[in-house]
Amino acid sequence: MNITSGEAPIQTDDPQFSHHGLGEEYVEDIALKSRPIISIRFRLFLAFLVIFAFSMIVALWSIYALSEIQVKIRFLEAAGNYLTEIQQARRFEKNFLLYGTNLEDSLEHLRTAESILQKNKDTIEKILGRNSIQGMSLQLNNYHKVLEKVGEAGDTEERNRYEPELREYGGQLVSDATNFVVKEREAVEDALSLSRRVPFYFLGILMVLIIVITSFLVKNILSTLNRFLEYTNRIGEGDFSPILPKRKYRDEFSQLGLAFNHMIRELDKRHKILIESHKLRAVGTLVAGVAHELNNPLNNTMLTAGLLEEDFERLPDEEKLDMVQDIIKETERSKVIVRNLLDFARASDYKIIAMDLENLLEGSIRLVHNRVKLAKIELQMKLTPDLPPVHGDEQALQQVFINLILNAVDALPPRGKITVTDSKSSQAGFIEIKVSDNGPGIPEHILPRIFDPFFTTKVKEKGTGLGLSVSQGFVRRLGGNITVESRVGGGTTFTVLLPTTEVPSSVSAAPSP
Amino acid sequence: MKRNLRIMVIDDENIVGKRLKPALEKEGDIVETFTDARNALERFSEQQFDIVVSDIRMDDIDGLEVLEQVLARSEKTKVIIITGYATVEVAQEALVKGAFDFIAKPFKPNDLRTIIEKAAKELGR
Chain V
1 MNITSGEAPI QTDDPQFSHH GLGEEYVEDI ALKSRPIISI RFRLFLAFLV
51 IFAFSMIVAL WSIYALSEIQ VKIRFLEAAG NYLTEIQQAR RFEKNFLLYG
101 TNLEDSLEHL RTAESILQKN KDTIEKILGR NSIQGMSLQL NNYHKVLEKV
151 GEAGDTEERN RYEPELREYG GQLVSDATNF VVKEREAVED ALSLSRRVPF
201 YFLGILMVLI IVITSFLVKN ILSTLNRFLE YTNRIGEGDF SPILPKRKYR
251 DEFSQLGLAF NHMIRELDKR HKILIESHKL RAVGTLVAGV AHELNNPLNN
301 TMLTAGLLEE DFERLPDEEK LDMVQDIIKE TERSKVIVRN LLDFARASDY
351 KIIAMDLENL LEGSIRLVHN RVKLAKIELQ MKLTPDLPPV HGDEQALQQV
401 FINLILNAVD ALPPRGKITV TDSKSSQAGF IEIKVSDNGP GIPEHILPRI
451 FDPFFTTKVK EKGTGLGLSV SQGFVRRLGG NITVESRVGG GTTFTVLLPT
501 TEVPSSVSAA PSP
Chain L
1 MKRNLRIMVI DDENIVGKRL KPALEKEGDI VETFTDARNA LERFSEQQFD
51 IVVSDIRMDD IDGLEVLEQV LARSEKTKVI IITGYATVEV AQEALVKGAF
101 DFIAKPFKPN DLRTIIEKAA KELGR
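If you read the sequences in order, they're chains V and L. Those letters in the first sequence? Residues 1 to 513, by the working numbering. Those letters in the second sequence? Residues 1 to 125, by the working numbering.
Looking at chain V on its own, in the form it has when it is part of the complex (with noise of 0.2 Å):
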């Protein structure tokens, strides 16, 4: 009889007796494995290197845009040096045609300031486009052939027709290099300040960015480690079922619920080995039981034949009888107590089978009697006739109510006094045995956890700690329950909630032990 209260893993081997490693292939780890790897280290590396290239971004705008300025810095000194040269130009122009002396210098400067748009050329399409620039070249152009022509005239007279021309073209030059300059200026302080606010702007969105990033990171981690929490609670309570993946990637968790079912995988194996020995000892108790009770019998045969073989000659042939008939019946009692223990120790897997209810609560109470009386208990069945006939492993159904009628026996002091009943349960398709007794009850704060595997009230030597567990594991596998109700002072009941056979075909009474 196997009973364990957690699926065991498919395995071709015995789990009981080999040793494993985490390096084997178990299939409930098949599908943690086979994710593809998602890590948290990986997850990191990508936050950061996410922030950091935001941040690689700005710093090369930010070098980008202050070389920008740095050109427009220099261009303005072209375009203020431009200016200079035209009013220079101008103010030599105004002393020739007022004293007829400095035109060289005059169209020195203006050779000067050519130059320095022809250097530019590009640079001032850009700015103030093809046509600003093809105009100012034009007037400074025309200007300077003016500035020639007047330079050729001969007196003041002709020198001063040329004068509103020159004034003309002259004054528009100085404008257009003003105009120049100042929208230049304005560019620059607008690249300027602009690169004032990058910096705000930078700090904001990276602020969002970490935000963002922290949060989703974190919602990842700690939704992982509750789940892990979970695990934990409901490995502590026994339930030995492995872990499953449930996300689509893996990472350094899922090597951790590798682990995980590795040790569940472990404790499930030394929880097997201690619900043997837990039986082992169920049965060297049941043996010293029967072995007491298979003494009554053996006497009485003793007894009859010892008689038998002293009186043979002298007694009636009714007598000898009546004395061969006591032999033989004390004989059929003996065999059925050693049946009843070999039943009960025989090794076997889950048979679900339908069974009475009746003969099954009997059979159990059978293989207790001799305790129960010992104990100096006294014991009740009080069965609902009829009842339909519920589905289970016999010896497994026997070893609960075993269980439970001996915790009871464990608890009560003599004269005692434990019942048990079946009745329809109000759950449609159940049936529940209660298993009550008169007992001190069960203190409120130890109540939840009477279930647990490895708890027990019991003294060391008596107790394992895991008859309760073990039964309910058992139970709840058959779609059952059991549950308990308690107050100190006001006895103890269980109650063993069990389905009910639904097919009626397969209805077929437990053969009586």
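Be a bit skeptical, because a hint or two may be false.
Unchecked claim - Restricting the straight-line Cα-Cα distance to at most 25 Å, the calculated cross-link-like pairs of lysine-lysine (PhoX-like) are:
no., chain 1, residue 1, chain 2, residue 2
1, V, K373, L, K26
2, V, K373, L, K118
3, V, K329, L, K108
4, V, K335, L, K18
Hints were generated in silico from the structure; no laboratory data involved.
Starting from the known structure of chain V, fit chain L onto it as the hints suggest.
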């Protein structure tokens, strides 16, 4: 040889009394058998017995209790305890409490007769 010992046999298995009565009466003793210790003790207060043979484990009143009550009423009565499980502890407890001897199940009529004979000698019969 007529000893006329009064012997009481108490065992909740009725075959024990049924078979021991004729087996012990062969020696000329007077044997009364009981399956219920309470009835046996009631009878004992009416009638003194020389020897009480009692099973140790019985439902209501066990052999050790019978031993104590019998000795309380009649010091010289020899009490022989029948034990199912012949463990040293139980035998010792019975002897400490004043049992004459004990006999382990299963036994033959002759085994008990031997012990009764020893008791009879001590009683001076």
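Practice prompt. Compare the distance between the alpha carbons of K329(V) and K108(L) with 25 Å, and conclude whether the hinted pair is satisfied.
Written response: 18 Å, holds
Worksheet item: Regarding the pair K373(V) and K26(L), is the alpha-carbon distance no greater than 25 Å?
Response: 35 Å, violated
Discussion item. Check the hint pairing K335(V) with K18(L) against an upper bound of 25 Å on the C-alpha distance.
Written reply: 22 Å, holds
Worksheet item: CA of K373(V) to CA of K118(L), is that 25 Å or under?
Response: 33 Å, violated
When the structure is compared with the earlier hints, violations turn up for hints 1 and 2 and for no others.
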